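Below, each chain spelled out in residue letters.
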Amino acid sequence: MKHALVAAAPSLEQRLARAERTAQRERAARLEAERIAEHGLRTLYESKQRLQLLQHITDLANSARTIPEALDAALETICERMSWTVGNVLMVSDDLTRVEACDIWRATNAADVMAFVEVSRRMRFSRGEGLPGRVFATGRSEWIADPGHCEHFIRAEVAARCGLGTGCAFPVLAGNDVVAVLEFYMRQEAPEDPETIGILGQAGIQLGRVFERDRAQRALVHDALHDPLTRLPNRALFNDRLQESFDRLAPARRHGLAVMVLDLDGFKLVNDTLGHHAGDRVLVRVAQVLRETLARLEGAHAAEPADWRASPARMGGDEFTILIEDLAGEDLATRGTIDTIALALHAALQEKLGLMNDSAQVGVSIGYAIGTAFHANIDQLLRDADLAMYEAKAGGRGRTIGFTEALGETLRDRARLTNEMREAIETGQFELDYQPIVTLDANRSVCGFEALVRWNHPVRGRLLPADFIDVAESSGLILFLGDWVLREACATAAGWPMRDGLAPFISINISARQFAQPGFAARVRQIVLETGVDPTRIRLELTESTAIVDIDHTCQVIDEIRCWGVQTSLDDFGTGFSSLSSLHRLPFDVLKIDRSFVMAMDGHGKGDGIVRAIVALARTIGMTIVAEGIETPAQADLLIELGCELGQGYHFGRPAVASHAASLIAPPAATHAAPHAAP
Amino acid sequence: MKGIIFNILEEAVTLEHGPDTWDDLLDSAGVDGSFTSLGSYPDETMLALVDAAAGATGATPADILRWFGEAAMPQLAERYGVFFKGHRSARSFILSVNEIIHPEVRKLYSGAGCPHFQFSTAPDGDLIIGYQSPRRLCALAEGFIRGAAAHYGEQVTISHLACMLEDSPVCRLRVRWDG
Numbered sequence: 001m002k003h004a005l006v007a008a009a010p011s012l013e014q015r016l017a018r019a020e021r022t023a024q025r026e027r028a029a030r031l032e033a034e035r036i037a038e039h040g041l042r043t044l045y046e047s048k049q050r051l052q053l054l055q056h057i058t059d060l061a062n063s064a065r066t067i068p069e070a071l072d073a074a075l076e077t078i079c080e081r082m083s084w085t086v087g088n089v090l091m092v093s094d095d096l097t098r099v100e101a102c103d104i105w106r107a108t109n110a111a112d113v114m115a116f117v118e119v120s121r122r123m124r125f126s127r128g129e130g131l132p133g134r135v136f137a138t139g140r141s142e143w144i145a146d147p148g149h150c151e152h153f154i155r156a157e158v159a160a161r162c163g164l165g166t167g168c169a170f171p172v173l174a175g176n177d178v179v180a181v182l183e184f185y186m187r188q189e190a191p192e193d194p195e196t197i198g199i200l201g202q203a204g205i206q207l208g209r210v211f212e213r214d215r216a217q218r219a220l221v222h223d224a225l226h227d228p229l230t231r232l233p234n235r236a237l238f239n240d241r242l243q244e245s246f247d248r249l250a251p252a253r254r255h256g257l258a259v260m261v262l263d264l265d266g267f268k269l270v271n272d273t274l275g276h277h278a279g280d281r282v283l284v285r286v287a288q289v290l291r292e293t294l295a296r297l298e299g300a301h302a303a304e305p306a307d308w309r310a311s312p313a314r315m316g317g318d319e320f321t322i323l324i325e326d327l328a329g330e331d332l333a334t335r336g337t338i339d340t341i342a343l344a345l346h347a348a349l350q351e352k353l354g355l356m357n358d359s360a361q362v363g364v365s366i367g368y369a370i371g372t373a374f375h376a377n378i379d380q381l382l383r384d385a386d387l388a389m390y391e392a393k394a395g396g397r398g399r400t401i402g403f404t405e406a407l408g409e410t411l412r413d414r415a416r417l418t419n420e421m422r423e424a425i426e427t428g429q430f431e432l433d434y435q436p437i438v439t440l441d442a443n444r445s446v447c448g449f450e451a452l453v454r455w456n457h458p459v460r461g462r463l464l465p466a467d468f469i470d471v472a473e474s475s476g477l478i479l480f481l482g483d484w485v486l487r488e489a490c491a492t493a494a495g496w497p498m499r500d501g502l503a504p505f506i507s508i509n510i511s512a513r514q515f516a517q518p519g520f521a522a523r524v525r526q527i528v529l530e531t532g533v534d535p536t537r538i539r540l541e542l543t544e545s546t547a548i549v550d551i552d553h554t555c556q557v558i559d560e561i562r563c564w565g566v567q568t569s570l571d572d573f574g575t576g577f578s579s580l581s582s583l584h585r586l587p588f589d590v591l592k593i594d595r596s597f598v599m600a601m602d603g604h605g606k607g608d609g610i611v612r613a614i615v616a617l618a619r620t621i622g623m624t625i626v627a628e629g630i631e632t633p634a635q636a637d638l639l640i641e642l643g644c645e646l647g648q649g650y651h652f653g654r655p656a657v658a659s660h661a662a663s664l665i666a667p668p669a670a671t672h673a674a675p676h677a678a679p
Numbered sequence: 001m002k003g004i005i006f007n008i009l010e011e012a013v014t015l016e017h018g019p020d021t022w023d024d025l026l027d028s029a030g031v032d033g034s035f036t037s038l039g040s041y042p043d044e045t046m047l048a049l050v051d052a053a054a055g056a057t058g059a060t061p062a063d064i065l066r067w068f069g070e071a072a073m074p075q076l077a078e079r080y081g082v083f084f085k086g087h088r089s090a091r092s093f094i095l096s097v098n099e100i101i102h103p104e105v106r107k108l109y110s111g112a113g114c115p116h117f118q119f120s121t122a123p124d125g126d127l128i129i130g131y132q133s134p135r136r137l138c139a140l141a142e143g144f145i146r147g148a149a150a151h152y153g154e155q156v157t158i159s160h161l162a163c164m165l166e167d168s169p170v171c172r173l174r175v176r177w178d179g
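If you're matching them up, the sequences are chains X and F in order. Mind the numbering: the first sequence is residues 1 to 679 in the numbering used here, read in order. Mind the numbering: the second sequence is residues 1 to 179 in the numbering used here, read in order.
Hints listed in this document are in silico derivations from the structure and should not be mistaken for laboratory results. Each hint should be verified, as a subset may be incorrect.
What the hints assert, rightly or not - Keeping only pairs whose Cα atoms sit at most 20 Å apart, straight-line, the calculated DMTMM-like set for lysine to aspartate or glutamate is: (1) F/Lys85 with X/Glu80; (2) F/Lys85 with X/Glu292; (3) X/Lys393 with X/Glu473; (4) F/Lys85 with X/Asp146; (5) F/Lys107 with X/Glu80; (6) X/Lys268 with X/Asp572; (7) X/Lys268 with X/Glu391; (8) F/Lys107 with X/Asp386; (9) X/Lys268 with X/Glu195; (10) F/Lys107 with X/Glu631; (11) X/Lys48 with X/Glu195; (12) F/Lys107 with X/Glu46; (13) F/Lys107 with X/Asp146.
Here the structure is a predicted model, which means the values were calculated and not measured.
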């Protein structure tokens, strides 16, 4: 072999043929090398482009402030870099049943594809319907070849007309949820490309982050502005809305705006007796009733919706508010509208809460205030509504009160009086008068006194209890005042001499709140010890309504103080509930017949009969009787005839200062002295 | 100009006139003739080859370009069949040049100066093609269009409504499909 190869020297022709073969090989190798290089270059270019596209989408997803902004920018980028003719966005509807075009679209050659864009930018697809609906249902990208002639493509006719050759849609995914579908079309017929589908899928995930961010942001804002329990707007949002509405209206037009404050009646009882879970259920139900009732009244779906709008909020605890806007008409008409709303709320709450086992007793007190030019800010408007609500609450359950200037004046007076009273207690502006109580017999001898509080007001002069007791009760100052009265009266009585071997008693009025204080009996004992008064001289007067609040407590306290000789007197009998069964249970020593019964006596009529009945009743259960408000000798005689034992009234003596009272008991002959004029 | 154009030209000349003609052409144009498809070469080299061919055949350079464009199409179809497969007619193939073909060219040859064509349809259905390029190779384009028509078995009539070679700012070609 070796020999043969060496031996044959190639001819020129052979060498030429060889050179041509070599050239052909070289050429073939060059072509192959070029093909390989081209493939590499193309792959490199495409992957670079894809990465750039994805990077771009990631950047814009990070920087976009809103979802539409991000989607619009994404459409532009994808259309431009991937040469799509048309891009269109469909968002998943709030109820998650379909995808809806949202007028975010791009067309690089708008005129040619206008018909397709016009149809597409308004279309809706149910889950599973059409290309976008399928992507929504499966959460997977889909490629459509020749959409103009595809039976699974709903817009085939118009796609054919616009000459679209390829379509593709991919989902925008927030977590596992499809939140939007992006679809793209081009005129060319491009084969399905897994790389493109992959990159669009990635773009969908990046864009989904904009939705996730938006979702989180909205949740944060919503949580910050809503009450988590009832889902109603909270105080912050309510104040914002009120402020906005207030600012929008010129002062002269503020009567178009009103604030309603609702406070639940009996809610504390539910919470205390049934627990907070029951309380929460009530609050949720109330919120629901407010929402439903207001929506119904607004008539959102009615033929003639109301011209006003109302939005409820929960301010905290059991306090709700309603912002009412766009109220038409003048004051009277506006009040009529609001009263109608309030009535409907009362009725709806009664009906709906009545169905709940544990909250049948819950109602609502409503106060409202209508905007005026005098309101300098929303706080004043809110304060007025609050005051009206307190007024409603003070008057009993289930009432509605609208704020008026007169109410404001009354409330301001009351507030002023409260402040003055606080000062009066500190500076000793109160003093006691003593009205004699006499035996209804021939002697008419003074056997005791009722202590009556007076207020030497520095400006208004000497005030009687009727002028200030209400304020003292509502402000709670009655506790301090009552305590002062108890101590002062005991101290005074401690100095009184014996009369005919008997000690004159002192009758002291005790308020309901004072009596309900946990340490009341102990306090009485302490005062007795401190003042040195003979406890048998003390008669504590309780009204019937005070006594029956908690009969067990009443009996317990009376029994306790009776051990030391302190007596108790049932005041104003007959004016309250006058429950005979409770009267029987209450261990009072004395029963006072109210002045209204004494005044009604005429010697032969019904009035006499009532007094006779009360006397008989008191005797039966062994109580001493004191008749109040005796102003004439005739009344005194009649009462003696009916069997009353003791009497009190102008006929026997007006309330007088302590020194005068003392003079009545010092010399025995002084009992018939002329009554001292009370101021 | 990209080396691929020179490669295609070589193939077309060799196929139609034999390998010696190509060598002659290189010699008379004074060009060394080693082109790789991925390389870039001066436009003047192409013009020198076209002028040499014109001088040798007595045709105009435009005629040479028209011939080349038409003769190049089968070579291109062989090398880049994928661009032809997706179309059923020359019209849609031609319309894909801006969006598909030239972007693909740029993928391989970064910085390739591909022209952009403005396509529109005349009321009578003719395709109107606007072309503007400092190279002024409208004749080559015309040849490409003929070649494309031939590839799809179609007959076209091409007329120049305006031409840069006649001092018009742009070229406008009208393409009518016959039959």
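Hints, verified against the model:
no.: 1; hint: F/Lys85 with X/Glu80; result: violated, 24 Å
no.: 2; hint: F/Lys85 with X/Glu292; result: violated, 65 Å
no.: 3; hint: X/Lys393 with X/Glu473; result: holds, 15 Å
no.: 4; hint: F/Lys85 with X/Asp146; result: holds, 15 Å
no.: 5; hint: F/Lys107 with X/Glu80; result: holds, 15 Å
no.: 6; hint: X/Lys268 with X/Asp572; result: violated, 31 Å
no.: 7; hint: X/Lys268 with X/Glu391; result: holds, 19 Å
no.: 8; hint: F/Lys107 with X/Asp386; result: violated, 75 Å
no.: 9; hint: X/Lys268 with X/Glu195; result: violated, 66 Å
no.: 10; hint: F/Lys107 with X/Glu631; result: violated, 119 Å
no.: 11; hint: X/Lys48 with X/Glu195; result: holds, 12 Å
no.: 12; hint: F/Lys107 with X/Glu46; result: holds, 7 Å
no.: 13; hint: F/Lys107 with X/Asp146; result: violated, 26 Å
The structure shown violates the earlier hints numbered 1, 2, 6, 8, 9, 10 and 13.
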